[in-house]
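Asker: Now for the letters of each chain:
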Amino acid sequence: MLISQVIGTTVSTIKEPTLEGCKLLILRQTDVDGEPFGKPYVAVDTLDAGIGDLVLTAHGSSGRQTSLTQNRPVDAVIMAVIDHLSVLGEVTYRKE
Amino acid sequence: MLISQVIGTTVSTIKEPTLEGCKLLILRQTDVDGEPFGKPYVAVDTLDAGIGDLVLTAHGSSGRQTSLTQNRPVDAVIMAVIDHLSVLGEVTYRKE
Amino acid sequence: MLISQVIGTTVSTIKEPTLEGCKLLILRQTDVDGEPFGKPYVAVDTLDAGIGDLVLTAHGSSGRQTSLTQNRPVDAVIMAVIDHLSVLGEVTYRKE
Amino acid sequence: MLISQVIGTTVSTIKEPTLEGCKLLILRQTDVDGEPFGKPYVAVDTLDAGIGDLVLTAHGSSGRQTSLTQNRPVDAVIMAVIDHLSVLGEVTYRKE
Amino acid sequence: MLISQVIGTTVSTIKEPTLEGCKLLILRQTDVDGEPFGKPYVAVDTLDAGIGDLVLTAHGSSGRQTSLTQNRPVDAVIMAVIDHLSVLGEVTYRKE
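Protein chains in written order, with the working numbering: chain A, 16 to 111; chain B, 16 to 111; chain C, 16 to 111; chain D, 16 to 111; chain E, 16 to 111.
It cannot be assumed that every hint is accurate.
Heads up, the list lumps identical chains together, so a pair's fine if it works in one copy or across two of them.
[Stated by the list, open to error] EDC-like cross-link-like pairs, simulated, lysine to aspartate or glutamate; straight-line CA separation at most 20 Å:
#  : residue 1 : residue 2
1  : 110       : 50
2  : 38        : 50
3  : 110       : 48
4  : 54        : 35
5  : 110       : 98
6  : 54        : 105
7  : 38        : 105
8  : 38        : 63
9  : 38        : 111
10 : 54        : 111
Read the hints as simulated data drawn from the structure, not as lab findings.
With the hints as constraints, model all of the structure from the sequences given.
Answerer: Structure below.
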């Protein structure tokens, strides 16, 4: 899983019919302190995550192992909203 | 999913028999403002996307979760045409 | 799928028994004009592609969606030989 | 599989229901001498690995081939704790 | 598939029970002349490959398409030992 920050939203009228009702959010991977880096990617949100939240995303076929994403053409899903992260015993991120 | 721009087309006479009728487009990944970067890749188009459109592509086995791509040797599919993208509450891309 | 050029061949006596009869070619990814870049990789050829040909390769489990590669430990297959590529309405590559 | 070091822990209240009871650890890939490099990622721990341990992680659908991770939206699992690594006949890492 | 050189071995006492009896080797990807580059990774060996051998490795779910790796949490397998490689008609590597 990747540690990522939710940074935005996407709107699409023309899409695969099975995606109706899937919320597709824009994310960027972050470091353990929540600092984003790298290029944006898009994942399905099943947990009502908000802009700015740090989350974990599962990729590939693992992104389809939820009731909402099963058998759908999606390759990334938010599977947890992060409360806090600790590295070597020290808290590096805490949700406000 | 990757945010990408459709930039071109491919023509192949010799191909896997199951690919007959699959439209294969050339894309490049873009940033949230639609600026392309990186190397070209090819995805199946099931949505009649046009050159210049910003789209979302699903990769790996997720690219086969459409009626057109099921059981075919393809690893990327266009699953949505993007109308607009917003980052931190600001619109960064809007389809013309 | 990746746009790639066939650059070479591999010979292996010791291999997984199910690979008997699989032609394994060496490729390098190319740009839309057929210029190769990056490191070599190996894919199964089911289309009798020749050295120098530009082809499309499907990766991961999608590489096993052909009658020749099904249930075999291979993660890349040549699924089309490219006749020509066009970008923004201009031909960037044409097979000789 | 990747050689990685366990560096931290994650806590999430809001998560996919099927993840209840999954321990999610933060890791960084290492070289053969255990020196970490690159960006952090998160994997399920089924082996009670400790902070500082060198482990092997399996990714993608292979991360779901354990009794704990089966059918869950996780794409990486710790499948072995490393005792020692040898390169060209010389021990490069030994667990303390 | 990646062209890689076997460079070392791993020993693990604590591991997924289904991995009992799986030989896990350390590899580095190579160029067509057998020159290694990049970071080490680990693959299951089913072919009794030796240190220094050039091999082909299949990744992801394709790494589980052998009788030894089926249903196990492994994401890379050695599926061929390379005898020789040719690029543009010239031999670039030959096993000694």
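Asker: The structure should be examined with respect to each hint, and the outcome stated for every one.
Answerer: Hint by hint, here is what the structure shows:
With identical chains, the CA atoms of residue 110 and residue 50 are at most 20 Å apart within one copy only, with a shortest distance of 13 Å there and 30 Å across copies. In this assembly of identical chains, residue 38 and residue 50 lie within 20 Å of each other by CA distance neither inside one copy nor across copies; the values are 24 Å within and 23 Å between. Taking the shortest alpha-carbon separations for residue 110 and residue 48, only the intra-copy value of 11 Å comes in at or below 20 Å, while the best inter-copy value is 28 Å. For the homomeric pair residue 54 and residue 35, neither the shortest alpha-carbon distance inside one copy (26 Å) nor that between copies (30 Å) is at most 20 Å.
In the homo-oligomer, the alpha carbons of residue 110 and residue 98 lie at most 20 Å apart inside one protomer (5 Å), although the nearest pairing across protomers, at 31 Å, exceeds that limit. In this assembly of identical chains, the alpha carbons of residue 54 and residue 105 lie at most 20 Å apart only when taken from different copies (18 Å versus 28 Å within one copy). Taking the shortest Cα distances, residue 38 and residue 105 sit within 20 Å of each other only across copies (18 Å), while inside one copy they are farther apart (34 Å). For the identical chains of this complex, residue 38 and residue 63 are intra-copy neighbours only, at 9 Å inside a copy versus 22 Å across copies, given an alpha-carbon limit of 20 Å.
When the C-alpha separation of residue 38 and residue 111 is checked against a cutoff of 20 Å, the pair qualifies neither within a copy, at 23 Å, nor between copies, at 23 Å. Within a single copy, residue 54 and residue 111 get their C-alpha atoms no closer than 25 Å, and across copies no closer than 24 Å, so neither meets the 20 Å cut-off.
Consistency note: the structure conflicts with the earlier hints numbered 2, 4, 9 and 10.
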